[in-house]
Structures are given as structure tokens and as C-alpha cells.
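Residue strings, one per chain:
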Amino acid sequence: MSLDLPSSGVFSLIGMNGAGKTTLVRILATQLQPTSGRASINGMDVMKDTRKLRDHIACVPQEARAAPFMTPKQTVLSYLLWRGVNYNEAASKAVESLSRVGLGDQVDVFNRKLSGGTKRKVLVATVLSSDADVIFLDEPTTGLDPISRRDLWDLLAGLAKDRFVILTTHYLEEAERLASIIGILHRGKLIGLGTLDQLRAAVRFQYSLMLPSSQAVPHVNDGEVTVGSMGQTQILTNEDEARDISRALLENGTKFSMSRISLDDVFFRLVHGAAEEDRR
Amino acid sequence: MRPSGWQVMAGILVNAIYAMKNYPIVMVNTVLSPLSFLTVITFVSRGQLIGEAIEGGFIMSMFQAGMSLQGDLSHFKNDFKLQDMVVSTPSTPLAYVTGMAVGEIIYSVPALAVLVVLASIYIHPDAASALQLLAVLLLMFLASTALGFTLSTFTSDIIQSFGFSSLISTLFSTLPPVYYPITYIPLPFRYLAYLSPTTYAAEISQNLTGMVQLSSIDIVVAWVVLASVSFVLLLISIKKARWREI
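In the order they appear, the protein sequences are chains A and B.
The first sequence lines up with residues 1 to 280 when you count with my numbering.
The second sequence lines up with residues 1001 to 1246 when you count with my numbering.
There's no promise every hint is true.
Below, in silico cross-link-like pairs of lysine to any residue (SDA-like), each with a Cα-Cα straight-line distance of 20 Å or less [as the list claims (entries may be wrong)]:
(1) A:K119 / B:H1075
(2) A:K52 / A:R100
(3) B:K1239 / A:L32
No lab work stands behind these hints, which were simulated from the structure alone.
Bear in mind the structure is a predicted one, so any value in this text is a computation, not a measurement.
Please model the entire structure based on the sequences and the hints provided.
Structural data, given as C-alpha cells:
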């Protein structure tokens, strides 16, 4: 794998379970030694300049939990002490950071009494409190309800204004919403990298038409037609044909929706294609 | 990089102060464990072995502090992913372990305080003996801390970790003649007892306070074994412990 990334915004890594997302994050966050290859962040090699690099990074690992016997303030404060910040400064930064994520009135409540979404916010506040330029968040929204997830998205979007966030996720909508660059991993290989538009360009058809189950499927010259389990039809095709089909559907009074293909479609096609190639 | 005081303090706060404030029940075990053995040995020996039992209580407290560290570090690493979070900071394994280990000692303070009071009543060692006893206890703590940290970095869940710490505690602080002189156990078993560093720690302590008489050579051998075991375990922890995983 070889990639160069900018130093602001959100880079989202997506892939199936076991694709290597967490392994890559752990290597970049200096938690795991790579068996081969090179990686550097802001010119600092993850193996050679480890100590220097650790001043500039912060990480919330996958499945990280705020200790239940501690309060949010104690959680953030102790993390800052480990970063070498003095006690008084750490204490005031902890309160400031928790306030930024909306937990200003819960700094002294035990973590065990907080909801799942709030506990994740505590962890985000922890890395937010540091002066790290690069933040790693490994599946920070897994298991959260839709409202909490959206709350956290707002936080992450704010975080990415002045830092570079490397985010892994299984929620493609999350990557689509937050990421300026998306990487698709498959079995340790980067099979797609770029903005959503660049990734769309990597697949054959860029437009999607959806027809409800009761509608007749029109003839498609160049495209893919898929019938879903509920009978709904998806047509993937190029821009010209999408325009022709939609015109015909409008003339017939057929209900349909048309959009550019989603990250979901791109992901499915790229991963499916890579798996096919592996089989060959 | 030298560990900063703040980094060490973080470990003390997380592993002792915050936990102690919120779960004071944990302290009861650290007091009861060494004192219960002391009580049993004292009653069974009709008070004759109270001096040895007090010294055994010190040794067990220090050894168990190191083994508790193994359980706690494993818990923080596997259940909270705290170690990974700290690895990606400017902190060092030395700062992390030192803070956490001092935290374990703080937990043992109530037990140690009781033992110090008992020692001043029943053993009353002179200053030189007290200093040597302190050195023995520090070596024990160093050895068990190094062992505890190394094992914690290899354990993948808390059940496995508790299995290790219980086994090692039994093998090194319950089974060996820590609370009584080695002459109380049958000869063939004495050879087995000498496989444990705590046996040497107990022998040195009992000799210092005049409870057993060792030859000069035996004393030197005991110190050399104790120091070597601590050094080797420390070396293993530096070389083999997985701060950054491979």
C-alpha cells in the first residue's frame, strides 16, 4: 500500500471486517510494528522518529472505553498528564475540552453513569484536549444510536477544521458525510483512494435510478439492473443513458428517483471486483 | 526519554487514587491477604512464629503488589484500551509502569502500616537490619513488577490475566516458606522451595532479625539469587514486554 495524504480534514478508511483498517491505524499510531514497508506522518517515520511523532498524534483505539470508576474530567486530565502536561494546565484543559463537546455540566459524573454516546464523547474530548495535529479514531461510532452518531459527526467535523482526522468506520454514510478523502481497503490492499467523485470515476457507471417494485423495468442498453429483495429495481448506468431512461420514465408517468451513485455502490463494486480478482 | 513526574502521576491517579476513592472495598483485600496468613501462622505456632509471619507479611504484600499490577495493567490494556492510548502519546513504558506500580504500593499502604506497627512491637530491628529488609522488599517488588508488566503485555483478556496472577501468587508467595523457616518443611520439598525467589527473601529477613542462623556463604548466595532474579526479570521486561506490539 502506498499513499500520501494532506494534513487537514478527514481521511476515512473503509473496508470489510479483517480488511486491515485497524492494523493500518495501529501502525500509523505507533502501536504496532509493521513487518515491512514505510510510513511517515508530516515527514516523521513511524519507526525511526517514533518519539518525536508521538508528540503530534493522538488515538482513540477501537473498542476503547472510558474507565467506569473515573469521571470525564479525571479521564481527560490523566490522559493529558501522560502527554506531559502539568497538573493545573491539564485540569483546566480537561474542563475546557469537555465543555467543547457539550459535557461541561457532567465533568464530575462517573463515566459508568453516562450513556454510550456520552462515553464516546468523553473519549473524543480526551484527544481533542491534546495539541496533537493528527487524530486517529478507530470506529468511534460503532454501536451508537442514530442520534448519538449524528451528534458525534458534528463533533468530528469540528475537530477536523484544525486537525487531520484519520477515521475508520463501517458506516459508509459516515465516511460520505465527513471525509474529504476516502480509502477503501481490501485484504490489506488499498483498492480505492480519493474524493467521492474520484472513487465514482473508478467504477463503470456513475448514475443510479431506483424504481419501486410495482413499476415495469425499462430497457437498458448499457448498464446493470439489479432487483432487490423487496422487488425494487436499481439501474446503474452512465450519464447519457440515465438521462434517456429518466426521460422515458417521466413520459410514461413512472415513479422513480435518480442520483449519482453512492459510496455504498462504489464500495460494493470495488470490493466485489477485488474479490473476483482474488478468486482468479 | 526520562519519564516526567506528571506521566508517573497519571498512573498513580488512575491505578490508585481514583480507583481507591470509588472502590474502597478493593483495599480490604490488600489488607486481609497478608494479615490472614500472619494470623493463621501465629495461632498455629502459638505465637512462636509471629516474627517470621510478620516478615512473611511484608514479603507477600510486596510480591502481591507486583502481581496485582499484572491484573490491573491487563485490565486497562484489554478492557479499556488504555495502554494503546498511552502508547500513542509522548509517555514511555517506564513512566507508565512506574506510576501504575507506585499505585499498587499505595494500595498496600494500610497493610504495610499494620505490619510496621507489628514489626516495631515484635521484631524491633536495628537501623542496619531495617535498611537491609527494605532492600529485600524493594528487590521483591522490582521482580514481581517486572514479571507482572511483562505478562500483562502478553495477556489478551482479563480471565487469562487473573489465571496467571493467581497461579504465580500461589507458587511464589503462598507455597514457599515465606511465613515460617524453611526447616519446617520436609527436606525434599526444600529443594523445590529454593526455586522461588521469595524463599531467599524470607531467609535473608529471618537471618537479619536473628530468627534463623545462616552461614555467610548462604547469605551471600541468597542476596545474589535475589538480585539476579530481579535483574533477569527486569531485563526480560525491557527486552520482551510488548509496549508497542509486534
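Taking the hints in turn, this is what the structure says about them:
no., hint, verdict
1, A:K119 / B:H1075, "holds (18 Å)"
2, A:K52 / A:R100, "violated (28 Å)"
3, B:K1239 / A:L32, "holds (16 Å)"
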